[in-house]
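Visitor: In order, the protein sequences belong to chains A and B. Take the first sequence: its position 125, counting from 1, is numbered 125 in the numbering used here, and each next residue is one higher. Take the second sequence: its position 173, counting from 1, is numbered 173 in the numbering used here, and each next residue is one higher.
No wet-lab data here; the hints were simulated from the structure. It is possible that some hints are incorrect.
Stated by the list, open to error - 30 Å max Cα-Cα, derived DSSO-like pairs, lysine-lysine:
id: 1; chain 1: B; residue 1: K139; chain 2: A; residue 2: K21
id: 2; chain 1: A; residue 1: K21; chain 2: B; residue 2: K112
id: 3; chain 1: B; residue 1: K112; chain 2: A; residue 2: K169
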Amino acid sequence: MHPLTGFIEKTFVITEFELRKLRHDFTELVTRALQPALWLLIFGQVFARNGAMHTGNIPYLDFIAPGILAQSVLFVAIFYGINVIWERDLGIVQKFLASPTPRAALVLGKGFSAGIRTLSQGVIVYGLSLLLGVKLNWSPLALLNVLVIIILAATLFSTFSLVIACIVKTRERFMGVGQVLTMPLFFASNAIYPTDMMPGWLKMVSHLNPLTYVVDALRTCMLADSTSTFGLSFDYLVILVTTTVLVLVGARLYPRLAT
Amino acid sequence: MIHFLECIMSDVVLEIKDLTRRFGSFTAVDALTLSVNAGEVFGLLGSNGAGKTTTIKMLTTLLPPTSGEARVAGFSITTQAVGVRRAIGYVPQAVSVDGSLTGYENLLIFAKLYDLPHRDQQARIAEALEFMNLTADAKRLVGEYSGGMVRRLEIAQSTLHRPKVLFLDEPTVGLDPIARDAVWKHLVDMRANYGTTLFFTTHYLEEAESHCDRIAIMHQGKLDALGSCKELEASLGPGHTLNDVFIHYAGSALDTGNNFRAVSAERATAERLG
Chain A
1 MHPLTGFIEK TFVITEFELR KLRHDFTELV TRALQPALWL LIFGQVFARN GAMHTGNIPY
61 LDFIAPGILA QSVLFVAIFY GINVIWERDL GIVQKFLASP TPRAALVLGK GFSAGIRTLS
121 QGVIVYGLSL LLGVKLNWSP LALLNVLVII ILAATLFSTF SLVIACIVKT RERFMGVGQV
181 LTMPLFFASN AIYPTDMMPG WLKMVSHLNP LTYVVDALRT CMLADSTSTF GLSFDYLVIL
241 VTTTVLVLVG ARLYPRLAT
Chain B
1 MIHFLECIMS DVVLEIKDLT RRFGSFTAVD ALTLSVNAGE VFGLLGSNGA GKTTTIKMLT
61 TLLPPTSGEA RVAGFSITTQ AVGVRRAIGY VPQAVSVDGS LTGYENLLIF AKLYDLPHRD
121 QQARIAEALE FMNLTADAKR LVGEYSGGMV RRLEIAQSTL HRPKVLFLDE PTVGLDPIAR
181 DAVWKHLVDM RANYGTTLFF TTHYLEEAES HCDRIAIMHQ GKLDALGSCK ELEASLGPGH
241 TLNDVFIHYA GSALDTGNNF RAVSAERATA ERLG
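Excised from the complex, chain B in its bound form (with noise of 0.2 Å):
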């Protein structure tokens, strides 16, 4: 069975390979190594600062990398990005659906840039307003919509596509318990439907620990632990939490680095999205 299930993980769909990147004399990023398998649910855990959003923009071709390389879906970040971003879906942490645009308008955009068939597109939309629960809203204008509701547009935009990789950036920052689990009950449901690797950074301890198959924990740009939670908790010995884990590897649990204006960008989209 555990060799069964190695079988159809070992599909590598993610391959990092010394990523740097720097801004001047500041490593944002160094010389990052890691693969994620197909269908794997992945989480980015670190401080502010510690470099997880800059590899996710190089991952998304948003940023050149200084040097090294990752393919994501067999297509390479520095000289195939127009495949790259065929193959991927991303949910920027920041507010990204339009507010003067309906629902359904922010889907139909999508479908059209993505050359969904023309026949396949109403369909799609409807199934993805479907399972992300937003039917009875898709006529309003995106202005109006809850926090937790504007996470599942996002989702459901970014994966209409049906993308292999699925790219979060602190999917669930600024929403309450009961939205945050929403987000995730769909996610989750995604992987499962679809086969969806899920990508994410995020600060939730107990968000990474209840859904991601494994985690890395970045610290200063630098890799310093990759495995499953459990791998972890018992890598520091017995009776160890994720919480020791996290500052064990990333020094403290405090937020530090950052600037000012990451700072009210994401207060901004708390305040949005809450």
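With the rest of the complex left out, here is chain A (with noise of 0.2 Å):
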């Protein structure tokens, strides 16, 4: 067999099998609704009240609906990888390992069903949008982009997550770490304030985080009227090649977790 065939072929076994453990897993998936509703219903709200926020030509809901979807995707992939910390302290993650399986099909097996899981958010975010009466685009190319730019977005910070337990190990640890990159991947992003708001260094800073890419892409494509900052193809550009990068990583990590 092909190498490429048998990489591509493993990486979807292992997303199958990552997706098939969710069966019995609906109360996470009310749980996790709960997050952008707040952040929509009450951040949201009051900010577009007071008129805080000068978002140009679109209405505040407008601007931070698609920045919410982000930030929902990455609040739920930056923990992913506690669960290949898990599965090490059992005996999954070396078993796995001492099979002919390509690493770097295991680490992003486990990305893409990550961000299969993560649709629901967009379902959600999508669904209070059209509570709040945000002006969406509902033509059948913009919402495979959404789709696809999600599946993208939660694979990026899900590998990145699993970068991090390759390199922490221990549970305590990792969420020590998720903790403190969350908050900071978010604040330094254009996902509730254009980053013509920020201060100069922050702008700078912002632009280095994959975040503000995808947020980008998302207000490009789910807003009915809205202009790309950077360019819809720049943004791909910058999501796939971070991703790929850190599938790479990861792959030479990963056996870390055998040892």
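From these two lone chains plus the hints, build me the complex, please.
Guide: This is the structure:
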């Protein structure tokens, strides 16, 4: 078998079985819906009313709807790595690593499954947006783009999470690092305010933050009338390159979990 | 007859030479040299911290050696890791099947990962379930399995692809005597049916005595004794038991060394299996 065919096939085998595990996991779907609801209904409503944010010609609620979607994808994905620490404390990681499965397929397969899991957040944010009167773009192409962006973004951040898990190896340290990283990633992005409002140094940091490009891509495709800051192709390029690098780093570090 | 047995046993499947692993200044495995023949049941004994698990991790390519070399089924663990991985099965000490999948699904994923031909997969899985006496429970979530069933499923999972060598790290830890006997019955049958070489570590001397063709005793990373149980007992003079042999070579029958993480992992495993 050609190595690339083998790699793709094994990636989807890992994804398939990760998704099979979710059958009994409906409570998680409900609890995960809470956070974006709070951000949109409370934070969003308050800031929209006071006109505190200058978001140009689009209303503030329209502006943050894609931002909150990106944020909830980030929050769900960034703690994904705890699963591999759990699997390491059992013997599951060791057994997979002793099999001939390519390491990159183990990493990317798990990433994709996180991506597909996170699609439910899209449904929730679309529902809330409808409720709040956000003007959405319902063209099939736009919806397809949003779907792909959610999967890619969750793959990116869950792989990042897996890389952290491979380095820290214990649950306690992982939770600590996860907490420390999420808020800076969120605040140093264009999710809830335009980068133009930021001081120069923060604006620079936000341009190095992959979440900024996820938000920009989502904003471009989700809203009825919005223009992209960086261009949709550039957003995709940044997301894909970052994910590829993280998968390669993850494949390199994954065997550390067996030692 | 003896000559004939020697001929069929003389096919070396595992060759370890000067295998060494250091963690900082601590030498976990120190210039280990031994070879195991195809079809042999080989037990690696020693107190906690003697280097047994580190040895198995190196042989299963999970941990690179600091120096030395080993060949498993003809493949080098340092330069042909993928070849080694295709030729072996591995049952770690801790629970290695997924509780949120069914028994059948746990086998199906490994059938796919080991590239079993698609048309053979279902037949092979059915055979493995039958062999391990798990057919009736195949569609249940593994989280509901008993300890003995979990171990049998793990062995089924690790042998679906008919490995030449099956590595087992403390395969019966945490199991009650009846479940232990059932696991061993299946392991012995497996060797008889498929000629699988079994390489395992254990704390239970009586297991080594009743099932092993040969044993090796490790102490502080070094190989201290190697041979059949009878040979080792005889080497101490008449009337000695394997327990005497163990105390003679491993210094003490008491567990020494070992760290908090290993102990808590072992107890957690025992709890989950029990």
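Visitor: Does K169 of chain A sit within 30 Å of K112 of chain B, going by the straight-line distance between their CA atoms?
Guide: Status holds; Cα separation ~28 Å.
Visitor: Straight-line Cα separation of K139 of chain B and K21 of chain A no greater than 30 Å?
Guide: Within the cut-off at roughly 14 Å; holds.
Visitor: Does K112 of chain B sit within 30 Å of K21 of chain A, going by the straight-line distance between their CA atoms?
Guide: The given pair, whose Cα atoms are some 17 Å apart, holds under the 30 Å limit.
No hint from the list above goes unmet by this structure.
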